[in-house]
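> Chain by chain, the residues:
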Amino acid sequence: EAQVTQNPRYLITVTGKKLTVTCSQNMNHEYMSWYRQDPGLGLRQIYYSMNVEVTDKGDVPEGYKVSRKEKRNFPLILESPSPNQTSLYFCASSLGQGYPDTQYFGPGTRLTVL
Amino acid sequence: AQKVTQAQTEISVVEKEDVTLDCVYETRDTTYYLFWYKQPPSGELVFLIRRNSFDEQNEISGRYSWNFQKSTSSFNFTITASQVVDSAVYFCALSEAMGGSGNTGKLIFGQGTTLQVKP
Numbered sequence: 049e050a051q052v053t054q055n056p057r058y059l060i061t062v063t064g065k066k067l068t069v070t071c072s073q074n075m076n077h078e079y080m081s082w083y084r085q086d087p088g089l090g091l092r093q094i095y096y097s098m099n100v101e102v103t104d105k106g107d108v109p110e111g112y113k114v115s116r117k118e119k120r121n122f123p124l125i126l127e128s129p130s131p132n133q134t135s136l137y138f139c140a141s142s143l144g145q146g147y148p149d150t151q152y153f154g155p156g157t158r159l160t161v162l
Numbered sequence: 089a090q091k092v093t094q095a096q097t098e099i100s101v102v103e104k105e106d107v108t109l110d111c112v113y114e115t116r117d118t119t120y121y122l123f124w125y126k127q128p129p130s131g132e133l134v135f136l137i138r139r140n141s142f143d144e145q146n147e148i149s150g151r152y153s154w155n156f157q158k159s160t161s162s163f164n165f166t167i168t169a170s171q172v173v174d175s176a177v178y179f180c181a182l183s184e185a186m187g188g189s190g191n192t193g194k195l196i197f198g199q200g201t202t203l204q205v206k207p
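One line per chain: the protein sequences are L and D, in this order. For what it's worth, my numbering labels the leading residue of the first sequence as 49, then goes sequentially. For what it's worth, my numbering labels the leading residue of the second sequence as 89, then goes sequentially.
These aren't lab readings, by the way, just hints derived from the structure by calculation. A virtual CB, placed ideally from N, CA and C, is assigned to each residue, including glycine. Among these hints, one or two may not hold up.
Said to hold, decoys possible - Derived DMTMM-like pairs (lysine to aspartate or glutamate); straight-line CA-CA distance at most 20 Å:
(1) 126(D) x 104(L)
(2) 91(D) x 86(L)
(3) 126(D) x 86(L)
(4) 105(L) x 184(D)
(5) 91(D) x 78(L)
(6) 117(L) x 78(L)
(7) 91(D) x 149(L)
(8) 206(D) x 184(D)
(9) 65(L) x 78(L)
Unchecked claim - Far from chain L, some chain D residues (derived; all Cβ distances over 10 Å):
(10) 95
(11) 101
(12) 102
(13) 110
(14) 153
Could you put together the complete structure from these sequences and hints?
Structure (structure tokens):
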């Protein structure tokens, strides 16, 4: 089944404790992206990747890191989480290739930072 | 600047009623894509439809239909004979082109419309 998977789905952590949210897609997509969803602020892009080893900042990259060492994986790293990073996080992927294409989303990761 | 506006924050209907969700967008691009996504109470984002800027043909898929009008920059979504399972938050989104200077390929989402369908 073609899909985007994220792990963990739910996470409660404490301020400053490094964490990684994994994202994997099995559709051979070139483009991958991370969004966060917050009440009143909607969905905002954190980072994106056009292809392997190519990543760039989205609208709200502060406090996050990403890497794209393999085509299928695009982990989101929070080196020192803070309470303002409590949010619902979505990973998405699409074919890319220079044209807007449908982005398929993972199931979401609900993160709480205490 | 690119922007998507969903003026209806919440809509409540009774089952079997028809309901239209409005979406108005702003962009300077001549090539762009528009999308609708559904977010049910379980939280995931489910893709419903994609439309490119050169295709103004309306589309119908079962009880769902979409009306794209470039003249009014609108991409409205109608659910016919609504059902309780249609209860969700619906997002309209606009996609930037990829690869051009400053273009990130990101989706620009509206604020969403919460649809409640009562039995």
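> Does each hint hold? Answer for all of them.
Hints, one by one, checked against the model:
no., hint, verdict
1, 126(D) x 104(L), "27 Å, violated"
2, 91(D) x 86(L), "18 Å, holds"
3, 126(D) x 86(L), "16 Å, holds"
4, 105(L) x 184(D), "15 Å, holds"
5, 91(D) x 78(L), "25 Å, violated"
6, 117(L) x 78(L), "12 Å, holds"
7, 91(D) x 149(L), "18 Å, holds"
8, 206(D) x 184(D), "36 Å, violated"
9, 65(L) x 78(L), "31 Å, violated"
10, 95, "14 Å, holds"
11, 101, "23 Å, holds"
12, 102, "27 Å, holds"
13, 110, "16 Å, holds"
14, 153, "19 Å, holds"
The structure shown violates the earlier hints numbered 1, 5, 8, 9.
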